[in-house]
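Undergrad: Here is what each chain is made of, one letter per residue.
There are 2 protein chains.
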Amino acid sequence: MESSKNKDNLKIILDDSSDLSLNQIRRLLNKMSASEIAHALESSPPTQRTLLFSLLKTEEEGDVLFELGEEIQQDLVSKLSNEELTEAVKELELDEIVDILQNLPEERMKKILSKMSLVDRKRIEMGLIYPDNTAGGLLNTDVISVRPNNSIEVVISYLRDQGELPENTDKIFVVNDDNEYLGELSISSIITSNPLRIVKEIMESDISPLKTDQDDKEVAILFERNDLISSPVIDENNKLIGRITIDDVVDVIREDADQNLLGMAGVAEDTFAPPGRAARSRVFWLTMNLITAFIASSTINLFQDVLDKIVYLAILMPIVASMGGVAATQTLTIVLRGLTLEQINTSNIRWLFKRELAVSILNGIVLSLLVGFITYAWFQETILSILISCALIINLISSVIAGILVPLILRRFNQDPAIGGSVVVTTVTDVVGFLSFLGLATIYLI
Amino acid sequence: MESSKNKDNLKIILDDSSDLSLNQIRRLLNKMSASEIAHALESSPPTQRTLLFSLLKTEEEGDVLFELGEEIQQDLVSKLSNEELTEAVKELELDEIVDILQNLPEERMKKILSKMSLVDRKRIEMGLIYPDNTAGGLLNTDVISVRPNNSIEVVISYLRDQGELPENTDKIFVVNDDNEYLGELSISSIITSNPLRIVKEIMESDISPLKTDQDDKEVAILFERNDLISSPVIDENNKLIGRITIDDVVDVIREDADQNLLGMAGVAEDTFAPPGRAARSRVFWLTMNLITAFIASSTINLFQDVLDKIVYLAILMPIVASMGGVAATQTLTIVLRGLTLEQINTSNIRWLFKRELAVSILNGIVLSLLVGFITYAWFQETILSILISCALIINLISSVIAGILVPLILRRFNQDPAIGGSVVVTTVTDVVGFLSFLGLATIYLI
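Chains as they are written, first to last, in the working numbering: chain A, 1436 to 1881; chain B, 1436 to 1881.
If you're looking for bench data, these hints aren't it; they were derived computationally from the structure. Nothing here was measured: the structure is a model prediction, and the numbers come from that model. Some hints could be false.
Which copy is meant is left open, because identical chains are indistinguishable; a pair holds if it fits in one copy or across any two.
[What the hints assert, rightly or not] Here are the computed lysine to any residue pairs in the SDA-like style, where the Cα-Cα straight-line distance is at most 25 Å: (1) LYS1789 to GLN1508; (2) LYS1492 to GLN1778; (3) LYS1492 to ASP1662; (4) LYS1557 to PRO1540; (5) LYS1466 to ASN1780; (6) LYS1466 to ILE1637; (7) LYS1789 to ASP1454; (8) LYS1525 to SER1468; (9) LYS1635 to LEU1600; (10) LYS1789 to LEU1455; (11) LYS1646 to ASP1662; (12) LYS1514 to ALA1469; (13) LYS1789 to GLN1483; (14) LYS1492 to SER1552; (15) LYS1492 to ILE1547.
So here's chain A without its partners, still in its complex pose (with noise of 0.2 Å):
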């Protein structure tokens, strides 16, 4: 754990590095964990990371590296040598190695591995066949596993010999003679029970291990509705492959969560990634909204003769578009999180349905007086006061059915909700609310 003594360490580096000379920079990463000195990295622009790192000991880099999220971690690797590389992963477990590897690009990959003995190189192999989104891509190989037909007094004197167990082993695992999965141990029940008792009366069968090939999304809500420390992995053929521990689930729930939150915005970057990379990951969204911005404008365009007659209409109609984008971004993100805990399904789509359109009229009009009320106040115009509250509620119902529809229909093409759907969303009430409030004012003021 991080004392405060190391955090002191970290506020120094991150505050004073300038002023420190390089020794004593070193002397302070010293003292600090890898997952501190990551974080100090991820907190750091890019030139000062780059000091920093340069400045750790090669047994040291790989642990960091490990920590690091990935596309700091790919900077990192992209600056080291093959030599360099291979010489910080070494003491790595295999799974760490297959994790910072798995992002390389294959010639390099192949360089690698060729500096590895064939055993280590063979499961690292193993590792690098399951996809980075799947439970085979988040597992680790560390398995205890016994037999059903062992003491507790075998199996504790076979963990004593162990020296050490991996790290967040809660339970250890039950196959028989050929590797097939039977069941699991927790380790209190091991030190709890009578050691004369046998494995197989003792374990708990009862209990699905996770396959291979399951969605780490779907991994995660497992672990968090169960509150798993530790959860075995099994292939197609009941095999026990190996384990995956909450440690890595924890950085998936918060991956996931930082995608809904960037992807609705557009951004997709480290926090101090340099400008040319930042400024490439947010251009498409901003040109796909100025696209969209001209799709709202040739919807005004066609209002040009109203426009031109009453020049109230430009100054209040940004308000209509406005509310209507709030509205649906609002919609979007409740089904938004609801696809993400998995609680929205055909059986209850209906019901959400109907409460989006109930809470869109009943804030429509208590809105609709207000902003009838506001506009009557500045311009006293009776009509128009009426209008702009017509118009507001009929894009206010319009924003449930774009935040309703458009999550659904991305995703059934597979894409990202969080990332399509709010740039469509407001389209589609800029385009109604231009259209409705424009529309209703050619029909009754001119």
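Following the hints, position chain B against chain A.
TA: Below, chain B without anything else, positioned relative to chain A:
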């Protein structure tokens, strides 16, 4: 863990509950775990939810209540009589009871407490002291502690006497006769050490325990960064009060992420909240947006003359405003994420500001060329095209200033930047967008 059979039960309940007899539903519920039932309740509209909950056995109600999110938990608790509630929580751990009781109105809580034994009441009252969002609010009191001079053999036989260890027990704690915290002893070191060794030789004492008043987000970051399963909590006198376990921390991480996502859209409700509550949770935000939209409109109002003369301006002005809004939201999101992950501080905020400025200029060049080109293609007006390009660049730069300063200022005043942020930044970009475009037009087009 949720077996695939139980997952089917969940689907059947959610999809077809209208076609099933109450007895059939009750049988399905009997096969599900408390967390699965809680998920089913969270995925159900209010009427169906109340029905499902009423079908549970009393002894199951407490576990299910504990697994539910705060809002739904309170809803269901408010429908139970004091006797039913006392009965439902009777079998829960004390900290689980605290979790459920702490949201009750004071009167009601007193009545429930009065039905409990004096010992239980004292301990629950102690748990109720700590605010919800602190380490104290997260802690469980189910700690196992041993003395530094015990042998491992004694520790093991003590643990064996416990029968079963509390969930998520990866370590036990070492305290002196005054219950002052000395260190921790991992279960895996107990199991792998020579039974004749003494606790104080093996315990880890260089790890600082959590304090009861530490912020829960800080606790989450410490758990995440150090891959913890559990951590001791001490009071200001260094006495061991309890421990925090990863399952509760995962809930904090999820809620925290939820809060950022929902906060930015100005919604704060569970997915299937009834319409009245959902409307109330959103109307504040919509009203704020209405006010700021009128502020933006009054900016446009300053330019009635030029709008009256050149109707194209009304058509194009939403584009400049909307682009600024998207760019500002991107910057805001990056800053929010950096603040949540504690990456941003005084030492790097200046770099971040310069980076954002560089991003806005880089993207500003690309987008202003694009917007100028499309405008020219549409209206064949050279000056108009140049003006809109310049206004866009001005607004993108203003979006950086707003996107960085607004969350930092809100944070300084102890406001959640996720919640106030996006309405404020888009107001800035709307106003600057209209001002710059219409202002430039006034100067150069008439």
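Undergrad: Now tell me, hint by hint, if it's right for this structure.
TA: Evaluated hints:
When the C-alpha separation of LYS1789 and GLN1508 is checked against a cutoff of 25 Å, the pair qualifies only between copies, where the shortest distance is 23 Å, while the shortest distance within a copy is 46 Å. Taking identical chains as interchangeable, the C-alpha atoms of LYS1492 and GLN1778 lie at most 25 Å apart only when they sit on different chains, with a minimum of 24 Å there against 48 Å within one chain. Proximity of LYS1492 to ASP1662 under the C-alpha cut-off of 25 Å is restricted to the inter-copy arrangement: shortest distance 22 Å between copies versus 37 Å within a copy. In this assembly of identical chains, LYS1557 and PRO1540 lie within 25 Å of each other by CA distance solely inside one copy; the values are 19 Å within and 62 Å between copies.
Taking the closest pair of Cα atoms, LYS1466 and ASN1780 come within 25 Å of each other only across two copies (21 Å); inside a single copy the shortest separation is 51 Å, beyond that limit. Taking the shortest alpha-carbon separations for LYS1466 and ILE1637, only the inter-copy value of 22 Å comes in at or below 25 Å, while the best intra-copy value is 44 Å. Taking identical chains as interchangeable, the C-alpha atoms of LYS1789 and ASP1454 lie at most 25 Å apart only when they sit on different chains, with a minimum of 21 Å there against 62 Å within one chain. In this homomeric assembly, LYS1525 and SER1468 come within 25 Å of each other (Cα to Cα) only inside a single copy, at 18 Å, whereas the closest approach across copies is 44 Å.
For the identical chains of this complex, LYS1635 and LEU1600 are neighbours both inside a copy (21 Å) and across copies (20 Å), given an alpha-carbon limit of 25 Å. Proximity of LYS1789 to LEU1455 under the C-alpha cut-off of 25 Å is restricted to the inter-copy arrangement: shortest distance 23 Å between copies versus 62 Å within a copy. With identical chains, the CA atoms of LYS1646 and ASP1662 are at most 25 Å apart both within one copy (18 Å) and between copies (24 Å). For a Cα distance limit of 25 Å, the shortest separation of LYS1514 from ALA1469 inside one copy, 19 Å, qualifies, whereas the shortest one across copies, 50 Å, does not.
Within a single copy, LYS1789 and GLN1483 get their C-alpha atoms only as close as 53 Å, which misses the 25 Å cut-off; across copies the closest is 15 Å, which meets it. In this assembly of identical chains, the alpha carbons of LYS1492 and SER1552 lie at most 25 Å apart only when taken from the same copy (23 Å versus 59 Å across copies). Only within a single protomer do LYS1492 and ILE1547 lie at most 25 Å apart by alpha-carbon distance; the minimum there is 20 Å, versus 59 Å between protomers.
In terms of the numbered hints stated before, the structure departs from none.
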